[in-house]
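Peer 1: Top line first, the protein sequences correspond to chains E and B.
Note that the working numbering gives residue 111 to position 111 of the first sequence, counting from 1, and the numbers run on in steps of one.
Just remember that the working numbering sits 165 ahead of the position in the second sequence, which is counted from 1.
Keep in mind the hints are simulated off the structure, nothing from the lab.
Treat each hint with caution, since some may be false.
Unchecked claim - Take a look, some chain E residues computed to stay more than 10 Å from chain B by CB distance:
{"id": "1", "residue": "Asp10"}
{"id": "2", "residue": "Lys24"}
{"id": "3", "residue": "Asp48"}
{"id": "4", "residue": "Arg49"}
{"id": "5", "residue": "Thr51"}
{"id": "6", "residue": "Gly59"}
{"id": "7", "residue": "Lys69"}
{"id": "8", "residue": "Gln112"}
{"id": "9", "residue": "Val117"}
Stated by the list, open to error - Result set (SDA-like, lysine to any residue): computed pairs, CA atoms no more than 20 Å apart in a straight line:
{"id": "10", "chain 1": "E", "residue 1": "Lys24", "chain 2": "B", "residue 2": "Val495"}
{"id": "11", "chain 1": "B", "residue 1": "Lys195", "chain 2": "E", "residue 2": "Arg55"}
{"id": "12", "chain 1": "B", "residue 1": "Lys476", "chain 2": "B", "residue 2": "Thr560"}
{"id": "13", "chain 1": "E", "residue 1": "Lys86", "chain 2": "E", "residue 2": "Arg55"}
{"id": "14", "chain 1": "E", "residue 1": "Lys69", "chain 2": "B", "residue 2": "Ala241"}
{"id": "15", "chain 1": "E", "residue 1": "Lys114", "chain 2": "E", "residue 2": "Val139"}
{"id": "16", "chain 1": "E", "residue 1": "Lys127", "chain 2": "E", "residue 2": "Glu83"}
{"id": "17", "chain 1": "E", "residue 1": "Lys69", "chain 2": "B", "residue 2": "Asp427"}
{"id": "18", "chain 1": "B", "residue 1": "Lys476", "chain 2": "B", "residue 2": "Val492"}
{"id": "19", "chain 1": "E", "residue 1": "Lys24", "chain 2": "B", "residue 2": "Leu578"}
{"id": "20", "chain 1": "E", "residue 1": "Lys24", "chain 2": "B", "residue 2": "Gly514"}
{"id": "21", "chain 1": "E", "residue 1": "Lys69", "chain 2": "B", "residue 2": "Gly494"}
{"id": "22", "chain 1": "B", "residue 1": "Lys337", "chain 2": "B", "residue 2": "Glu381"}
{"id": "23", "chain 1": "B", "residue 1": "Lys180", "chain 2": "B", "residue 2": "Leu469"}
{"id": "24", "chain 1": "E", "residue 1": "Lys69", "chain 2": "B", "residue 2": "Glu543"}
{"id": "25", "chain 1": "B", "residue 1": "Lys259", "chain 2": "B", "residue 2": "Asp287"}
{"id": "26", "chain 1": "E", "residue 1": "Lys24", "chain 2": "B", "residue 2": "Gly426"}
{"id": "27", "chain 1": "E", "residue 1": "Lys24", "chain 2": "B", "residue 2": "Leu579"}
{"id": "28", "chain 1": "B", "residue 1": "Lys180", "chain 2": "B", "residue 2": "Ala475"}
{"id": "29", "chain 1": "E", "residue 1": "Lys69", "chain 2": "B", "residue 2": "Thr560"}
{"id": "30", "chain 1": "E", "residue 1": "Lys69", "chain 2": "B", "residue 2": "Ala475"}
{"id": "31", "chain 1": "E", "residue 1": "Lys38", "chain 2": "E", "residue 2": "Gln94"}
{"id": "32", "chain 1": "B", "residue 1": "Lys284", "chain 2": "B", "residue 2": "Pro421"}
{"id": "33", "chain 1": "E", "residue 1": "Lys24", "chain 2": "B", "residue 2": "Thr560"}
{"id": "34", "chain 1": "B", "residue 1": "Lys315", "chain 2": "B", "residue 2": "Gly494"}
{"id": "35", "chain 1": "E", "residue 1": "Lys69", "chain 2": "E", "residue 2": "Ala92"}
{"id": "36", "chain 1": "B", "residue 1": "Lys265", "chain 2": "B", "residue 2": "Val495"}
{"id": "37", "chain 1": "B", "residue 1": "Lys195", "chain 2": "E", "residue 2": "Ala8"}
{"id": "38", "chain 1": "B", "residue 1": "Lys195", "chain 2": "E", "residue 2": "Arg12"}
{"id": "39", "chain 1": "E", "residue 1": "Lys69", "chain 2": "B", "residue 2": "Val547"}
{"id": "40", "chain 1": "E", "residue 1": "Lys69", "chain 2": "B", "residue 2": "Leu579"}
We put the CB at the ideal spot given by N, CA and C, even for glycine.
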Amino acid sequence: MRRSETLADDLRSLYQEIILDHGKTPRNFRVVEHHSCKAQGNNPMCGDRITVTARVGNGTLEDIAFEGKGCAISIASASMMSEALKGQPIDAAQQLFSAVRDLCTGKADTDQAKAAVAPALSDSVDKLAALSGVRQFPVRVKCATLAWHALISCLEGKTQTTTEK
Amino acid sequence: MNKQMTAPLAFDVQKVRADFPILAREVHGKPLVYLDSAASAQKPRQVIDTLTRVYSHEYANVHRGAYYLSETATAAYEAAREKVRGFINASSIKEVVFTKGATEAINLVAATWGRAFLKPGDEVVITAVEHHSNIVPWQLLRDATGCVLKIAPVNPDGSIDLVSFEQAIGPKTKLVAVAHVSNVLGTVLPVREVADIAHAHGAKLLLDGCQGIVHEHVDVQDLGCDFYVFSGHKLYGPTGIGVLWASLALLEAMPPYQGGGDMIDTVTFACTTWAPPPAKFEAGTPPIAQAIGLGAAIDYLNSLDRVAVAKHENALLRHAMSRLAQVPGVRLIGTAPGKAAVQSFVMEGAHPHDLATILDRSGVCVRAGHHCAQPLMEILGVTATTRASFALYNTMDEVDALITALHRAQEVLL
């Protein structure tokens, strides 16, 4: 049986090829050398943990990486986050986090999310929109935002965060 | 149709299923396959009807009013206590304390018996397989009293050797608090032997019976424990009701838990004296309908051939273990001999949360996560497992539905 014949639409939109690809072979799965900040994100519901490290210099996220254990959604989101933000100005983190959260909760569609970020981040929003499949699975939204919560805490100088706040 | 379904069965699972209205519903357009009874069991019509009847016709507060409805509500509430007494073969209803659940029952023992009788350096022994509800109350007690918490280790197959207990329990041990049956692994612990070891050192034994009461025959006098706790909602009863059993002598020696109405003998601003057990531990208006509902659940179980139920559950477990083991990439977690019908597993390349989401779309409800046993997960070297737990209303076909859904999940994820 081919996938297209056996899958419900909502499962197909949740587990898109790009999500499975990042989930199985995550990018930047490491610790940033000489990182300037580090924070762990915990999802107390499942025990998943993701640790984000970043090096900030001249207002830029010079390097960003993550390690940890998690489901396909949380790992893929962390991986895509690291790709989207490497080399970007710091305020891109908050902008893309808001975009991802709105995409995942159904508050915004892709065009609306793109309109809310700097033009240079538009392509990143297009890719991150693959995460919006979780909107059909409310308990999984926390998986998609776990790494982002950790990143924001990291940049704010906190070392721990949870999806429960 | 597989062989198990066509063979004549002493236990008529279809007749039992007809008693559980929710089993007739669909989820995501698929028949409900409920394999999460270890988290909370579904309720038979007999329990649901009892709750409706109590609230519709028989409800009033208990132990207070000098009027007909209050008298009958009190009688029904106390009759439920007698049903619990009979079900666990306690020697007196005075030994049956209603709580809001097993968690509260354990916290009650820690807060009353523990704070009254434990001194710095005294030891509390638990095992590596405990639920958080049988870990955290003892950590709070440790912080309050300076007692020491010791852990009896678990074997890779999920069993716990008596030698582990013999090494962990010593002259300083005052309490051994262990699961009767592990909620993650299904292991039935050797509790009678543990009772002997504990008592040989003068220690008390508390059994967390949340899973044990469901799958095992419980006779608190025969088990030799000093405290036995369980929750009603895992025993096909309502939520918000649980039981603490302890010997009358222990309950009399323990200070009260919460202060309030119903637990007093006389109150003056200078001095208050306590009511005798169990009222001493039941301050405030209790969960009246829930207790009566638990009684109805016990009546329901007593109406069945429980030996046949146990055989049925064991057959489900054996079928699940053998079929799961044949799924590529699946590793069973918890393979101790003499298990209850609970099976955890992990699948290579598929996180339990992803599995549970995809299984749900096939109507199959399983638990994914750490099962409130994070220390055990760490020992097992996993962050989470998927757990299928089986109840008296599950069928061999439902086990097969789980396997089919797992194959489907592999198509999605791998």
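Peer 1: Check the structure against each numbered hint from earlier and tell me which ones fail, lowest number first.
Peer 2: As far as the earlier hints go, 1, 2, 3, 4, 7, 11, 14, 15, 17, 18, 22, 25, 26, 29, 30, 33, 34, 35, 36 are violated by this structure, in ascending order.
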